[in-house]
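Enquirer: The chain contents come next:
There are 2 protein chains.
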Amino acid sequence: MSFTPPTADQILAIKVSAGIDDIAQAERFAAATPDMVEAIVEGIGAFAAGEWAPLHRAGDQIGAKWKDGVVTMPPGYVAAYKDFVAQGWGSIAGPQAFGGQGLPFTLATAVMETLGAANMGFTLLPILTVGAIEAIDHHGSDAQKALYLPKLISGEWSGTMNLTEPQAGSDVGALRTTATPIVDGPHAGKYRIAGTKIYITFGEHDGAENIIHLVLARTPGAPEGSRGISLFVVPKFHLDADGNPGERNDVQCVSIEHKLGIHASPTCVMSYGDNAECIGEMIGHENGGLRAMFTMMNSARINVGSQGVQIAERALQQASAYARDRIQSARAGSPDKTPVSIVEHPDVRRMLMRMRALTEGSRALLYYTAGQVDRGTLGDGAAQMRAELLVPMLKAWGTDIGCEVASLGIQVHGGMGFVEETGAAQHYRDARIAPIYEGTNGIQAADLVTRKLGYENGGVLQALMAQIASEMEDVPEVAALAKDAAAIGQWMSTTASLDDKLAGSVPFTTMCAVAVAGWQLGRQSRASGLHAKTAVTKFFNRVIVPEARGLGSSAMSGAALLYDLDTDALVG
Amino acid sequence: MSFTPPTADQILAIKVSAGIDDIAQAERFAAATPDMVEAIVEGIGAFAAGEWAPLHRAGDQIGAKWKDGVVTMPPGYVAAYKDFVAQGWGSIAGPQAFGGQGLPFTLATAVMETLGAANMGFTLLPILTVGAIEAIDHHGSDAQKALYLPKLISGEWSGTMNLTEPQAGSDVGALRTTATPIVDGPHAGKYRIAGTKIYITFGEHDGAENIIHLVLARTPGAPEGSRGISLFVVPKFHLDADGNPGERNDVQCVSIEHKLGIHASPTCVMSYGDNAECIGEMIGHENGGLRAMFTMMNSARINVGSQGVQIAERALQQASAYARDRIQSARAGSPDKTPVSIVEHPDVRRMLMRMRALTEGSRALLYYTAGQVDRGTLGDGAAQMRAELLVPMLKAWGTDIGCEVASLGIQVHGGMGFVEETGAAQHYRDARIAPIYEGTNGIQAADLVTRKLGYENGGVLQALMAQIASEMEDVPEVAALAKDAAAIGQWMSTTASLDDKLAGSVPFTTMCAVAVAGWQLGRQSRASGLHAKTAVTKFFNRVIVPEARGLGSSAMSGAALLYDLDTDALVG
Numbered sequence: 037m038s039f040t041p042p043t044a045d046q047i048l049a050i051k052v053s054a055g056i057d058d059i060a061q062a063e064r065f066a067a068a069t070p071d072m073v074e075a076i077v078e079g080i081g082a083f084a085a086g087e088w089a090p091l092h093r094a095g096d097q098i099g100a101k102w103k104d105g106v107v108t109m110p111p112g113y114v115a116a117y118k119d120f121v122a123q124g125w126g127s128i129a130g131p132q133a134f135g136g137q138g139l140p141f142t143l144a145t146a147v148m149e150t151l152g153a154a155n156m157g158f159t160l161l162p163i164l165t166v167g168a169i170e171a172i173d174h175h176g177s178d179a180q181k182a183l184y185l186p187k188l189i190s191g192e193w194s195g196t197m198n199l200t201e202p203q204a205g206s207d208v209g210a211l212r213t214t215a216t217p218i219v220d221g222p223h224a225g226k227y228r229i230a231g232t233k234i235y236i237t238f239g240e241h242d243g244a245e246n247i248i249h250l251v252l253a254r255t256p257g258a259p260e261g262s263r264g265i266s267l268f269v270v271p272k273f274h275l276d277a278d279g280n281p282g283e284r285n286d287v288q289c290v291s292i293e294h295k296l297g298i299h300a301s302p303t304c305v306m307s308y309g310d311n312a313e314c315i316g317e318m319i320g321h322e323n324g325g326l327r328a329m330f331t332m333m334n335s336a337r338i339n340v341g342s343q344g345v346q347i348a349e350r351a352l353q354q355a356s357a358y359a360r361d362r363i364q365s366a367r368a369g370s371p372d373k374t375p376v377s378i379v380e381h382p383d384v385r386r387m388l389m390r391m392r393a394l395t396e397g398s399r400a401l402l403y404y405t406a407g408q409v410d411r412g413t414l415g416d417g418a419a420q421m422r423a424e425l426l427v428p429m430l431k432a433w434g435t436d437i438g439c440e441v442a443s444l445g446i447q448v449h450g451g452m453g454f455v456e457e458t459g460a461a462q463h464y465r466d467a468r469i470a471p472i473y474e475g476t477n478g479i480q481a482a483d484l485v486t487r488k489l490g491y492e493n494g495g496v497l498q499a500l501m502a503q504i505a506s507e508m509e510d511v512p513e514v515a516a517l518a519k520d521a522a523a524i525g526q527w528m529s530t531t532a533s534l535d536d537k538l539a540g541s542v543p544f545t546t547m548c549a550v551a552v553a554g555w556q557l558g559r560q561s562r563a564s565g566l567h568a569k570t571a572v573t574k575f576f577n578r579v580i581v582p583e584a585r586g587l588g589s590s591a592m593s594g595a596a597l598l599y600d601l602d603t604d605a606l607v608g
Numbered sequence: 037m038s039f040t041p042p043t044a045d046q047i048l049a050i051k052v053s054a055g056i057d058d059i060a061q062a063e064r065f066a067a068a069t070p071d072m073v074e075a076i077v078e079g080i081g082a083f084a085a086g087e088w089a090p091l092h093r094a095g096d097q098i099g100a101k102w103k104d105g106v107v108t109m110p111p112g113y114v115a116a117y118k119d120f121v122a123q124g125w126g127s128i129a130g131p132q133a134f135g136g137q138g139l140p141f142t143l144a145t146a147v148m149e150t151l152g153a154a155n156m157g158f159t160l161l162p163i164l165t166v167g168a169i170e171a172i173d174h175h176g177s178d179a180q181k182a183l184y185l186p187k188l189i190s191g192e193w194s195g196t197m198n199l200t201e202p203q204a205g206s207d208v209g210a211l212r213t214t215a216t217p218i219v220d221g222p223h224a225g226k227y228r229i230a231g232t233k234i235y236i237t238f239g240e241h242d243g244a245e246n247i248i249h250l251v252l253a254r255t256p257g258a259p260e261g262s263r264g265i266s267l268f269v270v271p272k273f274h275l276d277a278d279g280n281p282g283e284r285n286d287v288q289c290v291s292i293e294h295k296l297g298i299h300a301s302p303t304c305v306m307s308y309g310d311n312a313e314c315i316g317e318m319i320g321h322e323n324g325g326l327r328a329m330f331t332m333m334n335s336a337r338i339n340v341g342s343q344g345v346q347i348a349e350r351a352l353q354q355a356s357a358y359a360r361d362r363i364q365s366a367r368a369g370s371p372d373k374t375p376v377s378i379v380e381h382p383d384v385r386r387m388l389m390r391m392r393a394l395t396e397g398s399r400a401l402l403y404y405t406a407g408q409v410d411r412g413t414l415g416d417g418a419a420q421m422r423a424e425l426l427v428p429m430l431k432a433w434g435t436d437i438g439c440e441v442a443s444l445g446i447q448v449h450g451g452m453g454f455v456e457e458t459g460a461a462q463h464y465r466d467a468r469i470a471p472i473y474e475g476t477n478g479i480q481a482a483d484l485v486t487r488k489l490g491y492e493n494g495g496v497l498q499a500l501m502a503q504i505a506s507e508m509e510d511v512p513e514v515a516a517l518a519k520d521a522a523a524i525g526q527w528m529s530t531t532a533s534l535d536d537k538l539a540g541s542v543p544f545t546t547m548c549a550v551a552v553a554g555w556q557l558g559r560q561s562r563a564s565g566l567h568a569k570t571a572v573t574k575f576f577n578r579v580i581v582p583e584a585r586g587l588g589s590s591a592m593s594g595a596a597l598l599y600d601l602d603t604d605a606l607v608g
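Taken in sequence, the protein lines are chains F and G.
Residues 37 to 608 (our numbering) are what the first sequence spells out, left to right.
Residues 37 to 608 (our numbering) are what the second sequence spells out, left to right.
If you're looking for bench data, these hints aren't it; they were derived computationally from the structure.
You may find that some hints are simply not true.
Heads up, simulated BS3-like pairs for lysine-lysine below, C-alpha to C-alpha not over 30 Å straight-line [said to hold, decoys possible]:
(1) Lys118/F x Lys103/F
(2) Lys103/G x Lys118/G
(3) Lys519/F x Lys519/G
(4) Lys226/G x Lys181/G
(5) Lys101/G x Lys101/F
(6) Lys181/F x Lys226/F
(7) Lys101/F x Lys103/G
(8) Lys103/F x Lys101/G
Go ahead and model the full structure; you've got the sequences and the hints to work with.
Expert: What follows is the structure, encoded as structure tokens:
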């Protein structure tokens with residue numbers, strides 16, 4: 037199945053929802069001219085369609101392979117990754133001091149969206165590297181930055197994030213990996229790392245010259261829980277005096293998971309210090325590891341929310357092509373009994389419109405969020421807080437719609453959709469990880485109602501919903517949804533218990549996300565005057581928005597409804 | 037993952053929603069005493085849990101294998117199928133004249149539900165056989181009945197349904213398989229069948245002594261489209277003079293599909309008449325094939341709707357066990373910092389309550405429908421029409437919630453859910469076929485709004501919704517939903533164009549199904565007084581029912597919304 041990058045819609049979203057021209061007013065981002073925006077979006081589109089998309093099926097069917105600690109990417113992946121490095125696509129938003137282009141995050145978002153739509157599993161490799169760059173850039177010493185950032189930014193080296201352990205999933209504070217200070221010898225001042233980490237994406241592979249693991253671990257005597265965690269950088273190969281990969285560090289990939297999807301991406305079990313010789317350096321302050329990880333989380337969560345958009349785009353393209361080419365049955369009620377393309381049948385058309393509305397709506401939310409991040413970077417505190425409010429909405433709803441659109445994509449194909457050769461099923465399998473990793477969608481919703489809703493005593497959410505209700509006065513569905521969300525937010529900020537908030541958190545998150553998406557689609561529709569955008573927006577308003585309003589009862593139903601049935605009766 | 041048959045909830049649904057005691061008042065079904073109901077539900081539960089459930093994983097991981105036209109079921113399946121035959125589970129509702137037990141369809145429904153929850157893919161084998169039994173019983177000659185029914189009812193032989201061809205999916209009328217009358221020789225009066233059929237479930241396998249294919253084909257000069265189709269019985273092995281399997285007929289399984297799920301069930305491409313020697317007999321009248329197939333459809337569609345309930349039950353059990361055993365994080369806001377079972381966390385609990393509400397709600401709809409079928413069999417014309425109205429609701433919504441519950445089951449598992457060894461992913465993959473086969477859910481919704489809604493000029497639907505609204509006066513959510521559905525039904529019956537009806541058909545079908553499910557849960561709750569049922573019902577009313585009301589805008593949004601974007605703009 038070929039892939040056509042959604043260039044025009046991305047540029048529209050970058051202009052209207054991210055507001056790139058406004059962002060480019062700042063000297064720091066002055067390079068983000070309209071020409072540059074087009075060059076990047078079109079350039080990455082051509083690269084992704086030409087080099088990464090053709091590898092998508094093999095990634096699924098062959099997948100990454102583990103043998104004796106060595107992980108081999110599927111055929112063609114190493115060469116395609118080296119081309120990505122050579123063309124500099126990993127360096128868009130990286131700091132200029134270390135070889136990055138220093139462009140807005142919005143444009144890096146476009147690069148990741150396009151690569152991921154071409155090949156979701158593969159794109160986890162640069163996504164993870166971006167996380168490592170951010171952690172080192174924000175928390176590393178000057179020496180560490182100089183050592184690691186240039187090669188990570190170029191992509192010659194890749195990065196990983198090591199949080200999870202078997203007993204420490206959503207509860208990162210339960211981790212047990214240890215970091216023991218080294219007092220003497222050549223590694224004095226560094227740490228000996230020991231422990232096992234699971235679910236480490238691209239923890240081992242053959243595409244980069246070195247792999248820079250960022251590892252959360254505990255120093256001796258550290259406080260229990262999440263306040264006793266420090267962050268360490270653990271290179272696969274130690275760096276020699278010239279900063280080049282030298283001897284192998286004591287870190288091994290002991291196995292990879294057999295997963296439902298994203299088979300191109302090796303999900304590794306990593307063992308640190310089997311021979312007590314795993315050496316790492318601390319990044320930032322002792323016990324400051326979780327805060328350092330949080331630095332990486334905003335962009336990582338945005339990139340995962342974007343994966344929902346990506347899978348949706350890909351599934352939509354595939355279903356659209358099928359619906360156009362598949363001829364079956366005459367139009368119901370038509371005197372002409374000639375069979376037609378199934379896209380002409382109302383319910384198939386409804387599914388495609390729904391797929392498109394969800395895809396474009398989530399993309400609008402994605403770029404609105406990215407734009408707020410860039411404004412925050414430029415010192416706009418309100419935008420920074422709004423960005424943080426938006427991140428859980430985007431991550432949760434974006435990944436939910438990714439699954440829904442992929443499922444609709446199968447349905448459009450009928451029986452063919454269930455046959456693996458068609459490729460529609462791969463989207464459905466790949467999409468399913470995104471609501472889970474990088475903080476489950478339940479964790480996102482909890483973040484929204486317990487942390488982000490607290491910003492300015494609920495004021496940050498209220499301001500957003502008030503702006504939506506006011507700008508969308510002429511779109512009663514969206515205005516009503518924003519008012520519903522504001523009212524529920526108000527209840528959560530004042531009356532609701534913590535349990536009540538958590539009980540309603542997921543439906544509330546969806547309502548907020550849909551309100552923002554509807555708003556941004558409306559803005560894009562007005563700004564562009566494009567008939568296609570207006571039609572899709574109208575569908576979104578008439579179908580998707582009222583459904584989100586239907587979640588209001590659930591969002592406010594409170595915890596008592598959940599605990600009425602006691603635990604034994606519920607789960608035996 | 038072990039399987040516990042949901043015996044108590046099935047018996048409650050059989051009593052309250054099917055109304056078995058009422059049905060057993062009729063002499064024909066007098067054997068369906070409370071003792072018999074319990075014996076069947078508990079007996080099939082023990083059999084399914086003991087013999088079919090343990091084969092569930094191997095069915096997925098090994099699957100059915102094709103080699104040189106021979107299809108081998110996964111290890112253990114043949115023996116387990118023979119035990120099913122030996123214990124007589126296939127004969128529950130079969131006609132007594134041919135060895136069946138003549139019990140109500142409701143009890144056969146319980147048998148299929150339990151078997152399918154234990155092993156969905158495997159259970160397609162008896163489901164298809166039931167379809168063949170019904171077609172031959174209703175449309176075959178006395179000689180055909182005598183030849184085929186006893187062995188099909190016992191299960192020693194299995195049945196298939198052959199409709200689909202590459203160019204004839206939802207549009208059965210486009211099929212091209214031919215049936216040429218044989219004038220002379222030993223097969224005079226029979227037909228030579230030639231053509232290729234696809235998606236033939238258990239078209240070939242090693243579990244039965246003979247396979248009785250029911251094949252739709254065209255006789256020479258037959259009218260075009262669906263009015264020119266006849267039904268033929270084509271045994272894999274010709275029957276000898278004693279009615280035993282003899283020489284091989286000219287029908288071959290040329291390949292099986294590589295599918296997303298239900299790997300235990302071979303999905304066959306069947307080739308009839310490669311050597312021009314495929315012999316079949318006509319069932320019923322020439323050109324009456326589609327009507328004969330419709331006979332089989334009600335029960336087949338009920339059994340497929342049931343598959344949603346089955347997967348939901350299985351996914352719920354697996355997620356419940358995981359949520360009980362997995363310890364992670366202290367309760368938010370609790371002074372006690374000890375980690376707890378994740379079921380104690382509000383959002384995990386919400387997911388499990390949702391899974392349970394959808395599972396029990398769809399089961400309530402299943403048995404209400406089955407009970408109406410039995411009443412129809414007893415001559416109650418209103419119940420017969422109501423059953424036909426309910427079938428598309430059950431098939432569509434039942435299979436939709438199967439997918440949703442399986443997806444939630446993965447989410448409850450977190451990262452583990454995405455790892456195939458856990459087994460949660462199998463449910464998600466298996467579930468996805470059910471909205472597609474046996475008439476896609478779009479076809480179900482079209483059947484509801486174009487055919488069933490027309491019964492008594494909309495009166496059958498209006499009567500159902502009026503009854504719900506009236507009996508549920510004290511449950512405002514359900515009453516309101518029934519009134520919404522009645523109003524939309526009224527609009528569809530009067531003002532709406534055919535396109536408008538079709539455009540809103542899927543959300544309307546969901547609304548109707550949820551209204552019936554909420555009603556039946558309410559009846560079960562009142563009748564049983566069980567706290568668990570009351571709590572689940574309350575959740576259903578507060579969460580699921582308002583969401584269904586949120587579909588009203590979509591159901592009434594009309595076709596113009598879908599065709600505003602022209603075809604080229606929509607699908608390029």
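Enquirer: It remains to establish, for every hint, whether it holds in the given structure.
Expert: A quick look at each hint next to the structure:
Simply put, Lys118/F and Lys103/F have alpha-carbon atoms about 22 Å apart, close enough for the 30 Å limit, and the pair holds. Taking the CA atoms of Lys103/G and Lys118/G, the gap is about 23 Å. The hint holds against a cut of 30 Å. A distance of roughly 26 Å separates the Cα atoms of Lys519/F and Lys519/G; the hinted pair therefore holds under the 30 Å criterion. Proposed proximity of Lys226/G and Lys181/G is supported: the alpha carbons are some 16 Å apart, at most 30 Å.
At roughly 25 Å between alpha-carbon atoms, Lys101/G and Lys101/F fall within 30 Å of each other, so this suggested pair holds. Proximity of Lys181/F to Lys226/F is assessed by CA-CA distance (about 16 Å); at most 30 Å being required, the pair is judged to hold. The straight-line distance between the Cα atoms of Lys101/F and Lys103/G is roughly 28 Å, inside the 30 Å bound, and the hint therefore holds. For the given pair, Lys103/F sits about 28 Å from Lys101/G by alpha-carbon distance, which is consistent with the 30 Å threshold.
Violation of the numbered hints given earlier is absent; every hint is satisfied by the structure.
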